[in-house]
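Chemist: Chain by chain, the residues:
2 protein chains.
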Amino acid sequence: MNELINIMKALAEPVRLRAWYALREGELCVCQLITVLGLAPSTVSKHLSILHQAGLVQSRQAGKWVYYRLPRTHEKGYVDNIQRELFNVLDEDVALNEFNKKVMQVRKGNMEELCRTITRKRR
Amino acid sequence: MNELINIMKALAEPVRLRAWYALREGELCVCQLITVLGLAPSTVSKHLSILHQAGLVQSRQAGKWVYYRLPRTHEKGYVDNIQRELFNVLDEDVALNEFNKKVMQVRKGNMEELCRTITRKRR
DNA sequence: TACTCATTTCGTCTTTTAACGAAATGTATA
DNA sequence: TATACATTTCGTTAAAAGACGAAATGAGTA
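Residue numbers (the working numbering), protein chains in the order written: chain S, 1 to 123; chain Y, 1001 to 1123.
Rather than coming from a laboratory, the hints here were simulated on the basis of the structure. Cβ atoms here follow ideal geometry from the backbone N, Cα and C, with glycine treated the same way. Errors might be hidden in some of the hints.
Said to hold, decoys possible - Output of the computed footprint for chain S on chain Y, the stretches with three or more beta carbons under 8 Å from beta carbons of chain S:
#, region
1, 1005-1015
2, 1070-1082
3, 1086-1100
Said to hold, decoys possible - Some chain Y residues well away from chain S (every beta-carbon gap over 10 Å; in silico):
#, residue
4, M1001
5, N1002
6, C1029
7, K1064
8, K1108
9, I1118
As the list claims (entries may be wrong) - Partial list, computed: chain S residues near chain Y (C-beta under 10 Å):
#, residue
10, A10
11, L11
12, L17
All chains, full assembly: derive it from the sequences and hints.
Modeler: Below you can see the structure in the form of structure tokens.
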């Protein structure tokens, strides 16, 4: 039950649900997630670690950057089912569709530039 | 999205998940829920109101007693799907099976007596 | 009407959660 | 080796959530 509770807790938070949903169409660098979520790097990092701990996302390091993605398939099969069901619901959500536009923008943009924007903000 | 978040938040809490699961096999009086959950009446009442607000349970009053139950079917169909999926997982859960034994005990027991036990505790 | 009693509401306390900035980490590059 | 810089960790603060008991509510009964 605790495992399920962790998964539910992880997704029962708007920021994390958005972050998770943003990965639906492929991996994203942390700086891209920081940008679309509009929160401080440390805050986003924490959220991602909670999603990671729940087994809902995976990460890989590539040079300076860390990319997060959805697992192709989850260890426990039921998580796949829940994910499918939730995505079906969220795909119809107006607010999330709006958010998704931002994600698509960021996917197209230049990542080096994005990171520099974030670094500049921090001073 | 907010609706979904409310549903997830409601179920992402062990006490509420147990309460909700306890109703799987039919309605229960509040005093029965208080007993199986082992918490103060006011605490249980609050949890039930959160489940109710999320649309996950319904209630009816019968004399002094208030009974809570699962809706036969949810307004939004996707909730039925999620519920089915979660129940499938929870049915396999060892801790919940243990809990379910208590629920079955309480279902068989005398309700008047149960309530009196609770009232006695309060003094 | 007055009383009993199951449940809910209210006020309070404690714990948990989410946000941030500063500092630490660790990789790539000058 | 020193530096730059993306990300994470740590410490702090503010807000939310969960627990309880006391008091309020509201339905049945004497």
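Chemist: Confirm or reject each hint.
Modeler: Now the hints, each set against the structure:
| no. | hint | verdict |
| --- | --- | --- |
| 1 | 1005-1015 | holds (count 7) |
| 2 | 1070-1082 | holds (count 3) |
| 3 | 1086-1100 | holds (count 7) |
| 4 | M1001 | violated, 5 Å |
| 5 | N1002 | violated, 8 Å |
| 6 | C1029 | holds, 24 Å |
| 7 | K1064 | holds, 33 Å |
| 8 | K1108 | holds, 24 Å |
| 9 | I1118 | holds, 25 Å |
| 10 | A10 | holds, 8 Å |
| 11 | L11 | holds, 6 Å |
| 12 | L17 | holds, 7 Å |
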